[in-house]
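Colleague: These protein sequence lines map, in sequence, to chains A and B.
Residue numbers for the first sequence follow the working numbering, beginning at 1008 and rising by one.
Residue numbers for the second sequence follow the working numbering, beginning at 2 and rising by one.
These aren't lab readings, by the way, just hints derived from the structure by calculation.
It is possible that some hints are incorrect.
To be verified - Interface residues of chain A toward chain B, partial, derived using beta-carbon atoms under 7 Å:
#1 P1010
#2 Y1013
#3 L1067
#4 A1074
#5 S1235
#6 T1288
#7 L1350
#8 M1458
#9 T1463
#10 L1466
#11 L1470
Computed from a predicted model, the values in this text were never measured in an experiment.
Ideal Cβ placement from N, Cα and C applies to all residues, glycine included.
Here is how the chains run, residue by residue.
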Amino acid sequence: MFPIDYLPFVMVAVPLVGAGLVLLSAPASRDQARWTALTNVILTFVLSLLLVSRYRVPELLPPNADAVDRQQLVDQTLQMRSSFSWLSPRTVEDPVAGAQRVVDTPVRLAFAVDGISLWLIVLSALLMIPAVLVSWNAIEERPARFYALMLLLEAGLIGVFSAQDIILFYIFFEFTLIPLFFMIGIWGGSDRRWAARKFFIYTLAGSVLTFLGLLFIVLSEQWMSNASTLTFSIPELTASIQQQIASSPRNADYWQHVSPWIFAALFAGFAIKVPLFPFHTWLPLAHVEAPTAGSVLLAGVLLKIGSYGFLRFALPLVPGASVAHFHLVAILAVVGIIYGALLALAQEDIKKLVAYSSVSHMGFCLLGLFAFNTVGLTGGLLQMINHGLSTGALFALVGMLYERYHTRDIASYGGLARKYPRMAFCLLVVAFSSIGLPGLNGFTGEVTSLMGMFATNRLYGTLSLAGIILGAWYTLSLVRRTFFGRLREPVQSHQHSPVVSHHQAHDHHHTPLADLNLRELCALGVLIVPIFWIGLYPQFFTRRMQPSLQPIVAVLQENGAVMLSGTATPRGERPVQAARPEQQSVNNTTSR
Amino acid sequence: MADFLVRAIPLFPLLACFFVALFGARWLRDKSHLPVALGCALSCACAVLLLFSLPPSASNPSGQKTVTLYQWMQVTEPVVSGIPPWQAGGAGGSPGLDAQIALRADSLSATMLAMLTFVATLVVIYASGYMHDDRAYWRFFAIVGLFVFSMIMLVLSASFLQLFVFWEAVGLCSYLLIGFWYEKPEAAAAGMKAFVVNRIGDFGFAAGVFLIWVTFGSTDFAKVLDASAIAEVAQRNPYLLTTICLCLFTGAIGKSAQFPLHVWLPDAMEGPTPVSALIHAATMVTAGVYLVARCTPLYQLSPTAQSFVSVIGCITALLAALIALTQNDLKRVLAYSTVSQLGFMFLGLGTGSLVGVGGAMFHLVTHAFFKALLFLGAGSVMHAMGGVIDMREFRGLKKLMPQTHTTFLVGALALAGLPPLSGFWSKDTILGAVYEQAHPHHVTVSADEGTVPEATGEVNSQVTPFGLPRAKLYNLLYWLGTFTAFLTAFYTFRAFFLTFYNGPEKVPHAAGHHAHESPAVMCRPLWVLSVGAALLGLLFGHLTGVFDGFLGRTIPGLAEAAHEHGINWTVAVVSTLVALAGVALAWVMYKEESPIPARVAALAGPFTRLSEQRFYLDEVYKLLVVRPLEALSQVSRFADWLLVDGALVTGVSRIPSLLGQLPRPIQNGLVQFYALAMMLATAVLMWALLSKQT
């Protein structure tokens, strides 16, 4: 039994090893590749459950908490930490003190989990199971490489969420692009090259800016703290910067001036990843061309990296700038919710419809995060997981339909419920989860996001409520047009388009036109169980999130978020203690 | 005891639902109704016992009993030094969330429960006959079980958030049951229409719940519906209270099919008839009425919201009655009549007087009985006619279906509001309450009892948002209501005569040669319901005061107010006469086959068409909402392609290659040019270095 502290690290390592094993297997043997991959993702998922069971929920912030309490809580929530150096540490002679000193690289392989990353790691590990299962028969060409890439992607995703070092985070952040780039580019649809390139360059362009922003944070922190070495550790940076903003007027002034630039840099990468309107156009293309597993993972987890970035970096590291850009982000989110829903309504391609619905749903997520209160942040984080589950399941279902008929055109389907009752049941559950029906997961995230935003700003909260009407409209239209009414099946085209046939040259057996088989039921089942669980008993999940969210909220409140809702104070009294960050810094400057 | 009952009531249908869902398709098959019928019956027994196990005490005057099941979600906002708490506008305006799944039983919910489970049991028994040949027999009963559970939980909700949860859950069941025969495109479309239109109402409801949450810091009934808390909010910001009331009412408009969101209910008749009876007549659609009745303390402090509720209710009642006049589909007549009767309930709720609220709730209960009876009767006809429900296709069925005929007559008389049947008592109370508002000198009771803090006289002189002084407005509403009562009697008996009389027996082809009275399993529930429809008013209405007395535990002051109010003889006599007139007119026109109806229809020309075409409301919606939204979505699709992806993204992606074009002419391949450039550059460099040195 290994020490439990290494668990996050092990969870990154297991899929990496798995990828190697898959590649080692005989290239021609599809069975060997897929069974190895499946065993590996199940093992990782079991490890993620161990992660949950070993995660101890700390006490929430005491009343009238100060920075010390907050720091203490952050320390408690960050569990199962492990840290390795890149190089072996050297011992050198310190010329000044004359003593020996251990010199280590400031960049470390540091892993840990807290309440924010916990569920995202579980989500990544969970979604891999349906991703492997839906590829079972769909991937004919070079299966070993496909599954190896998928496992690399899993390692990257778990790494992104558990990395506690900025450089490590960034490496994983970019690393997730590469497997998906190949998955789309090699196993995708007819326009896969263009889709893969657009997806890669678009997101890379944003994330390079994000990297500059992250580096600037590191440099600024060192400069302001007069430390001799750079620190890349995310928790240390967060603590140090928050302390600098709060304590010294000179530092606060400095951060006041640079934070809008940092925010802009972070925003560039994360907003594209989310994707926030108007940076969403890479998404439908990538989804349409991606193989089913690619779509499941892209929508299910990759988009979450963007919102995770906002929650992990933008909000705690530049709280003042985040608050200052409240209206910008909230308006983009609200526009995205409604615009994405309208676009989804106009689509004739099932995958495009689901892709645009992602734009709409991720809008709710950002709306929750930028509500700057615990209810909203909880909602935003829940919404990330819920969207991963329901949209992942939707894409899986679309893939199953595609395997049977090789078309995604909504108009060519009708009345399938009669022929595929199991699929109809699964689709109804997933569709209603996506609509936000209470009792299923979608509701918990949407309602808390909206409540949080409503508390902060009534207008945005109310406007985005309109998204739930449109959401019901386009989702139920999809269900009605494909599964209800008279049975209408697309003509089975044995003549594939040339590109497809190239890849499925030895695909002589079609998926039989039968209802879901056991493999497909398992793929959907692992998603439907948490869909009900989160819907019926969200407290199990939110209880573990909150200790990590509260300190962020406290910082945001101290940095002016409290003023946002000030215009509509419930008891009719305007808060007097808290001042806007600008005013605060001005006061500080004058007092100096 | 109460504790056990409250837990048991929702549990039985839920277990039945699970049981049927798991074992229905394989093993239960045509016995799938048994678990659900048993679950509903047990639940009904518990609900009846519950009526007697909520005794009020000194410490607990309402006799309410709350059982917390589990913590659904708890989110605590940090209280940080230097940041004011939520009450003072801090903490991001958020009071934190403490949502529990709890069951709250009081006399109001117990009444609803008893009615709901009783009607549900009968409908399930009836459905076991009606749905007998359906291939998805088990699916039907599984969803009905889920519905009964959800509706029970809705009624037992202890907070607005929980109410919203089950509000949507019953909407889901409604969607699934309307679209039960999903292969019929109309059924699939009707189910979706119901859900989406309801979502529009839910939009308002959710906004109302959010507003309650940020105003009161909680959504628990115990905290929100607290007289002192409400009074404080009202004093601070009366508009806030009105906004909350109107938002909640929007939800009620959707669920209870009020104008202008009533359009989904007639289409919902595409579902199996037992569903129409249970969900779209007796129980689910009354959830809006229940919600407003539950929020009586809120509405009492907002005269504006009251007048809105009344006016919407009255418009709906009148409009739906006018449409019902010309419909040929028996189920649609009943559907519009449901819309109309729900309008009556809101008319009563909007009076703001406790008598009106009591009347509305009583009408809810009696309506559940006689409307379920009428729908099941219509289903019985439909069953015999081989699925045909168009009244032009059959007539003179009295001999053929004697039991259905008699029970339908009882239901029709109750709906028409003829004494001493139940409909008379409840409708009369509502009209009496409206009349009271129209003649304020009668009103002394509620003000004196101190339950309405604002003096009624002062309220009555206020000008409502509709431009009329309150008394005049309610006077108008009273007469419109009375006119609607006349229409109700007329269209009910039009349908009755057209079906069971109107010349010699005629049976559509679809029925074949063996059209017959329905089996006993379908007829017995009709008899039970008709006893209820006949006697409920007499037993529990004004004469005995039992209903008001029981409800008065939850709505303090109701019993006294009702007692003072007594029976308004003017109203009673007028509405009886009006109902008799309606029945008589229908007798003249439709008892025997006659040319009068055609002549009248031709005479009324445009009005007939307006009524037949349901005031073109579906078309108006299509033109004003559906088409523009579809157009907008196509426009956004185009804009996304042209502007966002085309101009913005592709435009930006061109920049690097454009930048690359700029220095391209320099690389022209001419050695002379390169030499020249080198020389010039060296010269510039040297000049720069030298000039810097000097």
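Colleague: For each hint, tell me whether it holds in the structure or not.
Modeller: Against the structure, the hints come out as follows:
no.	hint	result
1	P1010	32 Å, violated
2	Y1013	32 Å, violated
3	L1067	6 Å, holds
4	A1074	9 Å, violated
5	S1235	33 Å, violated
6	T1288	4 Å, holds
7	L1350	5 Å, holds
8	M1458	6 Å, holds
9	T1463	5 Å, holds
10	L1466	11 Å, violated
11	L1470	10 Å, violated
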